[in-house]
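Asker: The primary structure of each chain is shown beneath.
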Amino acid sequence: MKVLIPIKRVPDTDQKIQVKPDGSGIVTDGLPFVINPFDAIAVEEALRIREKSTDTVEVLAASIGPEVCEQQLRTALAMGADNATLIQCDASLDPWNVACVLRAFAGRYQPDLILMGKQGVDDDLSQTGQMLAALLDWPQATFASKIEFLGSGLRVTRETDAGLEIVRVTLPAVVTADLRLNEPRYASMTSIMKARKKTIERITTTELGVTIEPRLQLLGLEAVPSRRKSVRVGSLDELLVKLRAEEKLL
Amino acid sequence: MRALIICEHDGKGIRLGSRSAVAFANAVAEETRGSIECVLLGHSLAAVTQDASTYAPVLVADHPALENPVADRYAKVIADVVRQRGYDLVVAAATTFAKDILPRAAGLLGGAMASEVIGHEFRDGRLCFRRPLFAGAVVATVALNAKPQIVTIRPSAYPAASARPERCGVTSFAVDEAALPKKTEFEVLQSKLSNRPDVTEARIVVSGGRGIKNSEDFERLVGGLADRLHAATGSSRALVDAGITPNAFQVGQTGKVVAPDLYIALGISGAVQHLAGMKNSKTVVAINSDPEAPIFEVADYGLVGDVYELVPQWIARLNGK
Amino acid sequence: MNETNNNTADVIIIGGGVAGLSTAMQLAMRGQRVIVLERQRLGCGSSGRAAGLLGQLRGTAEHTRMLADGLEIVMELEKRAGVEIYVKTGSLRIAETPERAQEIQELVAMGKSIGFNIDHISIAETARRLPYMKTDDLIEACYSPTDGHLQPAELVSAYHKVGKGLGVRYEINCPVEQVIIQGGQVKGVKTPRGEFHAPVVVNAAGPWSYLVADLAKETLPTAAIGHYYLTTRPDPDHPVDRLSPAVRNRHHRLYTRPESGGLIVGIYEDEPVEYDMEKLPKDFDMSAMKAGRDNLNVALLIHLTQQRFPWINERTPMTISTGIMTFTPDGKGLCGPLPEVQGLFHCSCCSGHGIMQSPIVGKVMADLILDGKTKYDLEFMEADRFHDVPGYQERADIKRKCYEMYASYYGQVEKANVVVKH
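As you go down the protein sequences, you meet chains A, B and C in turn.
Mapping of the first sequence onto my numbering: residues 449 to 698, in sequence order.
Mapping of the second sequence onto my numbering: residues 355 to 675, in sequence order.
Mapping of the third sequence onto my numbering: residues 25 to 446, in sequence order.
Just chain A, with the same shape it has in the complex:
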């Protein structure tokens, strides 16, 4: 069985994110970049599937973007992915573009399962997996907190607003990982060393025959001021008025 894990390179969002003065993007100088945390969960799940399976399972990590994305592929390799492919692309990509590239790549690689993060923690869109499933005409199971293998398919527990929903999907399928699916491992010293030596395959979006046509156009960014108001309120009533009227919360 072949499992494809799309990997997104994202800024570490626990750091302070600053917007460029002209609003065209965020300041990336000195900002650490990581493997999208939900994608790390997807990698971990693929590794566990491989460990439990009696069949041969190949775990392939793939990232779309410039050369620097190699770092996040190395992370996936160090965690235990078998192989990695960098789909070279310098254009900025929206979920539709990524879904189109991944569809083309899946056409070549022929995975049985595409396991990916439920959203990127940078743009918080949560669209790519679903769009990809639509383009491939595969079933999908989003926001997975548990994945079980049945004879010919998967039984997936999904985290929804209404509760835990269980669906069965046939393979091939797209599954997106939610937070409670697992806790990703740290890489061991030997696997970090091995990952450093691994060859990362490269292919371009042009070679995949995909033209990048943005659907989601960014017009500008603004930082949300994070100043604390430091207001002492005298009573519960005053507090509730503030929260409702001024903060539009509750």
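In short, the hints are calculated from the structure, not lab data.
The C-beta atom is built at its ideal place from N, Cα and C for all residues, glycine as well.
A couple of the hints might just be wrong.
[Unchecked claim] Derived Cβ-Cβ restraints for the label pairs, each shown as a range:
(1) B/Arg480 with A/Lys594: 37 to 47 Å
(2) A/Leu698 with C/Ile196: 23 to 33 Å
(3) B/His397 with A/Ser540: 35 to 45 Å
(4) B/Lys501 with A/Lys594: 31 to 41 Å
(5) A/Lys677 with B/Glu555: 21 to 31 Å
(6) C/Gly189 with A/Glu499: 54 to 64 Å
Fit chains B and C to the given chain A structure using the hints.
Answerer: Chains B and C alone, transformed into the frame defined by chain A:
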């Protein structure tokens, strides 16, 4: 613009969030001299249709094959409706229902989608959306380059639409069962009992500290308030240490790092170890009996008082609503 | 009371970590008007990232005596602030090689000679006390029942609470931009909130302290070094009691203590991560530091941890904490003035021992500032001990020596300075 609202329902009526989506669509339709319709998907939708028709003209896709909200089927029906009837804008409330189904429909309809919209405006006649990025630290203004434009909106950003004086028309939409995908089988929905959201993902976190004396009180005060606010529960390390809360609740340097829209700190003193885990929260409320507690330094709203008195009052207000 | 226009004090302290907060509190106890200037929030630098181990038996009798006296201060602090700071778990040193066994024997002899509560403990007893630790390869161990750890967050808030009660003023989010010096005498500091004036300024800026010294054209021999420790989540198969003894295992370069039902394990790796504080962003936030899943230092930490705690591996649910330590070329703190500037005192650089040294260091600093002397023999941690010493003048040399010190921190065999009781 012609707008279509995907209404989410509970079998009896449409959900409050969908009424916010109606309000958003109404606003856009007014500004563009357009129109709105809503679509209901499911089975045995008579009551829901009644309810929905008080807010907008209704299209009903009522079929046994749509009994459960399975993404591939629902997305296919939505795409069929949009293609056949030619909408410019497709909108739903940003719930897990829509987050699952709408991007898949977008995948079938050309891929122009903006998620979690919190505001909109027209720039030179072009509809633009405002949406949060980086867990709310940044707001982006975006536009969509293809038709239809598909969006989910945050219900908190748009007050729910009120009922129209007269009921709107209802049209049924024929579902071709043979054309529906059959690769997904819905097994069961285990509805929540006290299944609170995960503390790292919740929009609201209610967190307890040393001021809470035991597990029962934690559940009654912190848990009680959390349930009424659909919030997650968290705690400081002191409570984990004392065995009052499980380790998974711990917010702080050696626990979870959270950044909700609202963080309510009950009886938490605000040690650095805790602040490291919650300082990125959008709005922080602190209730503590110690006026010198450092939590007040990072709080937007501080209330000096006993959580044992104030929290039951707060819960009572919410129950009384 | 017009606070905003009254920016004059007896002493200004730069840095709201444990060193600065303790010094401020001690000075206030002696009637001084003190202002603490903190670039972000109190205790949000190294203090807030520390594990807080307290091992009182050090290489010299004087150092041990100071730490024991510091513990008395903590006891008093607990009473005044009403929080538990000190967790008396006891501590173990363990050895698996003859050299390390010898080291322990010397330490026990030294401890006993100064009346410190320490003794050999059998391997069977060690195994009984720490059922979650591998003990079958040990040949020697010793136990100090009065050791433990100070809870860093509680310590910070207690210093703050007591200090505030004594009138100390804390200015947070207030970075120091300039040290004002006239005629070789310090006059105050400049911040975005204006100038603050005092005849005495204390540099307690932790990893930033060498940059503060630079502002006064003094050379402080410190360097900033990354450090990692892990905290496991509670595991029902391997329960860790809240009062399980701390362990120092120098052969595997690691230390450990209980934390919230799990275990903290940290190491002094031989290839530490070096930091140039001047190159970090102005608003760098140490509490947001994180380690990647393929960080080699973390992998080494887990690897060494597994040697001693075989149930912990890469897949164990855990949190990795990382922060920046301040090291000196000999691993000892720096307390007191340098010759160039009158009134400027340095107090930091406790080489991974800032939490446990802070109670007594605050007292010592107050004595030095107000009396010009202290009752302790402070030779080993005087700030000027590297002054004019060749090889400690250039930043590159200082950095190299500090990194070497860190790398050999647990690696080298410690020679106890045996004191014979008269």
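Asker: Can you list which hints this structure breaks, lowest number first?
Answerer: none
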